[in-house]
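Undergrad: Going down the list, the protein sequences come from chains A and B.
Going by our numbering, 580 is the number at position 580 of the first sequence; the sequence numbering is gapless.
Going by our numbering, 896 is the number at position 297 of the second sequence; the sequence numbering is gapless.
No lab work stands behind these hints, which were simulated from the structure alone.
Heads up, some of the hints might be wrong.
Stated by the list, open to error - Ranges of calculated distance between the beta carbons of each label pair, as one might list FRET restraints:
1) B/Ala970 <-> A/Thr405: 55 to 61 Å
2) A/Thr405 <-> B/Pro812: 48 to 54 Å
3) A/Trp169 <-> B/Leu798: 30 to 36 Å
4) A/Asp230 <-> B/Tyr1066: 50 to 56 Å
5) B/Pro966 <-> A/Leu482: 18 to 24 Å
6) A/Arg205 <-> B/Ser704: 36 to 42 Å
7) A/Asn282 <-> B/Ser704: 46 to 52 Å
Unchecked claim - To spell it out: a stretch of chain B is covered by chain A in this simulated footprint if at least three of its residues, at any positions, have a beta carbon under 8 Å from a beta carbon of chain A; those stretches are:
8) 629-641
9) 768-779
10) 816-830
11) 1039-1049
12) 1097-1109
Bear in mind the structure is a predicted one, so any value in this text is a computation, not a measurement.
Even for Gly, the Cβ is constructed at its ideal location relative to N, Cα and C.
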Amino acid sequence: MKDILKKPKYGAADLITLLWKASPLYAAVANIYPLLAALLPTVSILAAAAFIDAALDVAAGTRPPGAVAAPIAVLLAVILHDYSLRILLNLVNAKRTIFLRKTLRPALLKRVAELDYSHIENQDTADLLSRVVPAFDTRVVECNQSVMSLASSAVSAAGIIVTITLSVWWAGLLIVAAAVPLMFIGKKAGENSYAAQRETSKITRRAAYLSQVITDREAVEERTVFGYTDALNERYYERSHAARKIQQRVTFMNFIKQKAGGVFGSVIAVCVMGSMLPSALNGSLDYGMFVALSGGILTLVSQLSWGINSQVEEIAKQKEYLNDLTKFVGLSASKDATALPRRGLDFDEIEFDNVSFSYPGTEKLVLDGASFTIERGRHYAFVGVNGAGKTTVTKLLTGLYTNYTGEIRVDGRELRDFSQSELKGLSACVFQDFARIGFSLYDNIAVGAYDADEAVVLAAAETAGLGETIAKLPGGIHTKLLKIYEGGADLSGGEWQRVAIARSLVNPAPLRILDEPTAALDPLSESRVYERFEEISKGRTTLFISHRLGSTKLADTIFVLSDGKITEQGGHAGLMRQNGLYAEMFRSQAEWYTESQIL
Amino acid sequence: MNKEGKAAPDKTPQSKIPFLRVVKTGFGISLRAVPVLFIVIQIVSIAHSLSYGVSVLLTQRFYDGVAEAIAPGGDIRAALIPLALLCIPLLGRELLNGLHNFMHSVVFSKGGIEASRMAHAKMARLDPVVLENTDFHDMFNKMQEGQSNILFLVNIGITIFTFYLPYVLFMSWYLHHVNPIFILAILFAFIPTLFGQLLKTGVVVKFEDKAAPIRRQSALFDGLITSREFFKETRLLGAYTDFIKRFLETCRELSKAEWAASRKKNLIELSMALFTALGWGGILFLLVRALLRGEISAGAFAAVLGSLRLLFGIMQEAFGHVGSVAENYGKGQNFVRFLELPEFGGAESATDAARGIVLENVSFTYPGADAPSVDGVSLTIKSGETIAIVGENGAGKSTLVRLLTGLYRPASGRVTVRGADTLKTDSASLFAGVSGVFQKFRKYQMTLRENVNISEALNTDSDIADYGAAAAALFSVGVDAGDLDSFPDGLETMLSREFDGVDLSGGQWQRVAIARGLYRAHELIVLDEPTAAIDPLEESRIYKTFVDISRGKTAIIVTHRLGSAKIADRVAVMRGGKIIAVGAHGELLQTCDFYAEMYKSQSEWYDQEDDK
């Protein structure tokens, strides 16, 4: 079970084997039983033949009435099976869904959690994940089913064909000869419609995007003021119809081919029935058998011309999924990424030594020979224009990316040599896009703090300034947040910021990072956040990023990032005297606050 | 601004929409999307249905013919002629079946597009304030789901009458014709399925209600581990262990609920299956009895026997559909309900920019909120004036701006924009000549040019002039569309990774949004804090550009940064939904303590003498 995600490559055979690895028991039920059941149509033809013959004999008085009992019993047994075992199978399937959710799903979640962070930010791999991850446990079943439904059709067809062949051998051959082109048409049709779906998926996605713009709640201002809905709706209409037309053309062509096949099949069926007549007349074929076979042939022909195409289409889709799965298991990951943070770490000095970095798949050097040193117990600020690489520094420092050149040393030890557990224990980070989770307020603060006791959490909430909020909430600190719960409360942007701050306070890591979580705050609240943060971080090492340069004065050292390098560093006063980029940026903001008129 | 007051949801009990109104809407969509086909498909459906009946009839003739031919002195022609006749319904059945299915797929895909188009158009006509309902999101999702339900309701509903009913009627006639007592066969097939269906629906609905919140929770934990939104923090906090534990806990709960429902549902089905099998037994008994009594021919016996499976199958399918009518009606109501939401409305009205904007004692409360967000505000903005609105988070700035432009309408008081009362004017008149750069500006996954000219509804009048205008608007905010490094296809560069284009940084997106606002012809422009993600150098530059461009035009700027409010002719200070002071920056420093305090708290960061 565990090694279901360990193959380097997933191919056609895995359509079947994935489910076997996930659960041999359920796979056995899913694969053996349908093949046996596929023989029942043949059984029911034989029983019907016997029943008709017996009934006729009884009516003619050549056999006692009891002769119908046995064929009726078989017939009823088949019918009873059809209705009831199908249902029992549903129950087994329900159990299977439950079983896979609790075994397969966690295995997948672990694997995702171990992925290198770069895959999460990279658009292509993120798309891959969105295709692979959500449907994984159902896909494992569907893959197996796609093959099984084709296989049981084949078995059921074979059963009927063998029966016919045993009665009138050349009629069987005739059917087989007719079935081959039918199956071929069905397969082709299935492939065509799958190809059409792929071809139109791009157009459909664009149409879906337009629909999203037109209906997005957040877009209401632009949509209403700019009045573009009609224009976009027209475009949506055109694109949707363009996609529909392509698909419809294929559907129509398939319909023509399939029905041509169906008509051909029906003609063959009638011919076979006609040519069996002489055998019926000369008595070598019983009346009952003739009638039952006639029914069987008609069913078989329609099954061959209808069923196969959707089955083939389904298999093509599932194989595509396995290709994605192959790519997914090939993504780099680190085993200990799910480890708990190590506590009690500390450092004296972190040194960036000539660090260069570009995001995987891009060429632009976001950091280009950046060197600086962070010392224990001091406060640092990073400033720079948009895209200068400030946030990137935090991503390297927290170990999210390791593909940099140069060295990052913590007390002389290269950061890449740190275990995940140590990395996590090293820093507590408040990101720009910190998580707002549908937990209680308490759990939102204590998230990840596996070893924090209640007093610590409550104190952090208090220190972060959440006291008033807690008093207001109906269930206090244990009120559930967000609307996913009935009666879940929502917090304002500012309150959420404090939650994020409190979260970092609970974290005992020696380095605290604050990556501009204040963009949505008004200036008063913002200053409070920064002041408070510095105040409660006295004696700790802190590092923060802010666009509003006034707040950088709180830092002992300011690093100015420009073109991927540290171009200036020092205290506020010193940097102002240097009259470089920092001074320019500071003045451009400060001039709004000087009394001289700027315009 | 705590919204916990909204925790007790403002859900008004949903009114039931009458069945006929839902059906009528569904018909409307279908007739608009496929006017001719919709009629044709019904004819095909009836013919398709009858082809099944006729095949049974002719099969019996064939079997009778075979029996006749086998009988001593029989002639093979007695069998061959019916066999040739049988070809007709067999081939017809094949063709009609394909045609029917194909037509259905056309009806559904065209109908689906039409329904979406209707919903889109409705979205544009909605009163924007409706979107602020806390349950709007939910309502919207249900509407989308209901879209296919309403199509199903109409199309499958009709099929019951044009396909299943003719078939059952034909079979009833046929069975009755063969032997009156065989009419019981219909009942045997009918009754168990009907009851099973009724019982099942109740269980499924009840389970869904119970499982939905657990399922949401389980999806939450799943998302905390796998989604991009949470990934970074889950990793760095080391929270995986905790999340997976909780995930497994909810799994257990969900499994329990699911298993209970599944067991119940399937047990009902199982007992119904036993009844169905009993029905089969009854029919077989009747068949044998009739044959023994010489009431029916051998051919009739074989033909009826051969047709029973299809009869039971079709009956079950039909009842599945009847059962789904109730469900589709239930969910289809959501679509109609959406179409009936209050619209913006209003009449066309001439506007006169010279008359500025006048607010008289205006109040506004969000749906479901206890306290007004804007409370008794009066303000006059002269034509050509630049006014800044400042205040803390949640003071009501953005709401006020929405009232000032007419996007929202006051609950009490009056807003007159360029001479037009916003309560009585339609959106086309209100927003002609109005532009804006909004806090929640959009990043359209379209080309660079479309990202700009979307503010004039993707202006396509004259391409060449538009290229110039779009490029100029971009250039004025420092975006060079000719920079082939950033924009490989110039103005036609697709700004979306998903659609094989490029992505921009947050700051660049913001500039594009500003260019978009400037591109639109305007007499009045709103800037709702458009510079949050822009670095200080760029920010100053943009504000200055903005002042240049909006000279002579009415401009409203919402900002947190009081320094930038200085570029305005006047500043309105908001607090708790009220305007507590209006005046020039210098004046307010003297007269408004609150403003002075805010200004001081910001400016002291920049006080260069302060040497910390």
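Undergrad: Could you tell me which of the hints above the structure violates, numbers in ascending order?
TA: Hints 3, 4, 6, 8 and 9 contradicted; others consistent.
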